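One letter stands for each residue in the lines below.
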Amino acid sequence: MQVNVKIKRFNPEQDNRPYWSEHNVEVSETDRILDVMNQIKWEEDGSFTYRRSCGHAICGSDAILLNGVNRLACRVLVKDIGSNINIEPIRGLPVIKDLIVDMEPFFDSYKAILPFFMNDDPEPTTERYQSVEDRAIFDDTTKCILCACCTTSCPIFWTNGQYLGPAAIVNAHRFIFDSRDQGTSERLGVLNQVNGLWRCRTAYNCTEACPRDIPITKAIEEVKRELLWRKA
Amino acid sequence: MYRGREGQWAFIFHRVSGLAILFYLLVHVAELAAAMWGPQYSNAILGFFHTPVFRLALLGIIAAVLYHALNGLRIIFMDFTGWGVKYQAKIWYGVFAVFLVIYIPVLIKILPEIFRGH
Chain Z
27 MQVNVKIKRF NPEQDNRPYW SEHNVEVSET DRILDVMNQI KWEEDGSFTY RRSCGHAICG
87 SDAILLNGVN RLACRVLVKD IGSNINIEPI RGLPVIKDLI VDMEPFFDSY KAILPFFMND
147 DPEPTTERYQ SVEDRAIFDD TTKCILCACC TTSCPIFWTN GQYLGPAAIV NAHRFIFDSR
207 DQGTSERLGV LNQVNGLWRC RTAYNCTEAC PRDIPITKAI EEVKRELLWR KA
Chain B
100 MYRGREGQWA FIFHRVSGLA ILFYLLVHVA ELAAAMWGPQ YSNAILGFFH TPVFRLALLG
160 IIAAVLYHAL NGLRIIFMDF TGWGVKYQAK IWYGVFAVFL VIYIPVLIKI LPEIFRGH
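Protein sequences appear in the order of chains Z and B. Position in the first sequence counted from 1, then plus 26, gives you the numbering used here. Position in the second sequence counted from 1, then plus 99, gives you the numbering used here.
What the hints contain is simulated information worked out from the structure, not anything from laboratory work. One or more hints might be untrue.
Here are the simulated lysine to aspartate or glutamate pairs, EDC-like style, with alpha carbons at most 16 Å apart [stated by the list, open to error]:
{"id": "1", "chain 1": "Z", "residue 1": "LYS250", "chain 2": "B", "residue 2": "ASP178"}
{"id": "2", "chain 1": "Z", "residue 1": "LYS105", "chain 2": "Z", "residue 2": "GLU52"}
{"id": "3", "chain 1": "Z", "residue 1": "LYS34", "chain 2": "Z", "residue 2": "GLU114"}
{"id": "4", "chain 1": "B", "residue 1": "LYS185", "chain 2": "Z", "residue 2": "ASP41"}
{"id": "5", "chain 1": "Z", "residue 1": "LYS244", "chain 2": "Z", "residue 2": "GLU153"}
{"id": "6", "chain 1": "Z", "residue 1": "LYS32", "chain 2": "Z", "residue 2": "GLU70"}
{"id": "7", "chain 1": "Z", "residue 1": "LYS105", "chain 2": "Z", "residue 2": "ASP41"}
{"id": "8", "chain 1": "Z", "residue 1": "LYS169", "chain 2": "Z", "residue 2": "ASP239"}
{"id": "9", "chain 1": "Z", "residue 1": "LYS123", "chain 2": "Z", "residue 2": "ASP41"}
{"id": "10", "chain 1": "B", "residue 1": "LYS185", "chain 2": "Z", "residue 2": "ASP239"}
{"id": "11", "chain 1": "Z", "residue 1": "LYS244", "chain 2": "B", "residue 2": "ASP178"}
{"id": "12", "chain 1": "B", "residue 1": "LYS185", "chain 2": "Z", "residue 2": "GLU248"}
{"id": "13", "chain 1": "Z", "residue 1": "LYS105", "chain 2": "Z", "residue 2": "ASP57"}
{"id": "14", "chain 1": "Z", "residue 1": "LYS257", "chain 2": "Z", "residue 2": "GLU212"}
{"id": "15", "chain 1": "Z", "residue 1": "LYS123", "chain 2": "Z", "residue 2": "ASP166"}
Since this is a predicted model, take the numbers as computed values, not measurements.
Only chain Z is shown next, with the shape it has when bound in the complex (with noise of 0.2 Å):
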């Protein structure tokens, strides 16, 4: 089928701003998006730039944002989307070229939040044993693949890029109800502050754009729960 896509290209060597490059396209319905973008640099416009690994929505490099909402190009079909195609670079990260943004202010969150399991007690003998009820209430939030469809959904992230964003506040929800960590106080008082987790106002924007299904808006409002009961 034919396709019309349109992408908002930059490259800062050249334009003062960004602008729309347009291309007709002779695609397959069951082609996902990716494979629109890989047909159009490949044999329209070697220029055209953009991040993607493993084409398998598991290493959250191709978030994009797909006729007004972040999805990755790797898990939409061209059949799901029709055939007028409006593809940018996700939104309130700076524009390094055309779809790639700098991501480091996005890592530097979930850095901030202590991202890995905690636990001074000595190492038992055999594993620290966890019950599968136990296990359940996070399994959600370990699911993340850290393509920030969420973060760079959320309308206050756009105008307050300080704000941790969801992203980081699901991979602290993973560890702040995981039974065998102890790191929650420390991950608390860092959510707690002025850029943190009260700056979501629960717009869902983030549950929505998630590829993994990730009840985004949930988690997070358990771990405002979790600081608001534990500070009380």
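On the provided structure of chain Z, position chain B as indicated by the hints.
Chain B alone, transformed into the frame defined by chain Z:
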């Protein structure tokens, strides 16, 4: 425009209505404070605010307060219960239903009064 769904619009309306209420309160307090210089000033300003344009805007403020209050309840459900997040979109439509039930009679009562000049 990002094509967000119910939650995004609930948030945007909540923010805009909140700012409208804040702006109204500032104007309201300024108008009351004018009485410090004597009734001739405060009455003149009050007369200015009683023109139909401002009275229609006041209907907008009533709408803003009503929405802000009802959606505030929705936010309380989301923040303090385990089920609020799950049903937030449905609750938002409920917010609009209750809004209309209260606001339409308000319009029926007040609009004719404004145009009759009471």
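Now the hints, each set against the structure:
{"no.": "1", "hint": "Z:LYS250 <-> B:ASP178", "verdict": "8 Å, holds"}
{"no.": "2", "hint": "Z:LYS105 <-> Z:GLU52", "verdict": "13 Å, holds"}
{"no.": "3", "hint": "Z:LYS34 <-> Z:GLU114", "verdict": "5 Å, holds"}
{"no.": "4", "hint": "B:LYS185 <-> Z:ASP41", "verdict": "45 Å, violated"}
{"no.": "5", "hint": "Z:LYS244 <-> Z:GLU153", "verdict": "30 Å, violated"}
{"no.": "6", "hint": "Z:LYS32 <-> Z:GLU70", "verdict": "13 Å, holds"}
{"no.": "7", "hint": "Z:LYS105 <-> Z:ASP41", "verdict": "33 Å, violated"}
{"no.": "8", "hint": "Z:LYS169 <-> Z:ASP239", "verdict": "9 Å, holds"}
{"no.": "9", "hint": "Z:LYS123 <-> Z:ASP41", "verdict": "10 Å, holds"}
{"no.": "10", "hint": "B:LYS185 <-> Z:ASP239", "verdict": "14 Å, holds"}
{"no.": "11", "hint": "Z:LYS244 <-> B:ASP178", "verdict": "9 Å, holds"}
{"no.": "12", "hint": "B:LYS185 <-> Z:GLU248", "verdict": "13 Å, holds"}
{"no.": "13", "hint": "Z:LYS105 <-> Z:ASP57", "verdict": "8 Å, holds"}
{"no.": "14", "hint": "Z:LYS257 <-> Z:GLU212", "verdict": "13 Å, holds"}
{"no.": "15", "hint": "Z:LYS123 <-> Z:ASP166", "verdict": "33 Å, violated"}
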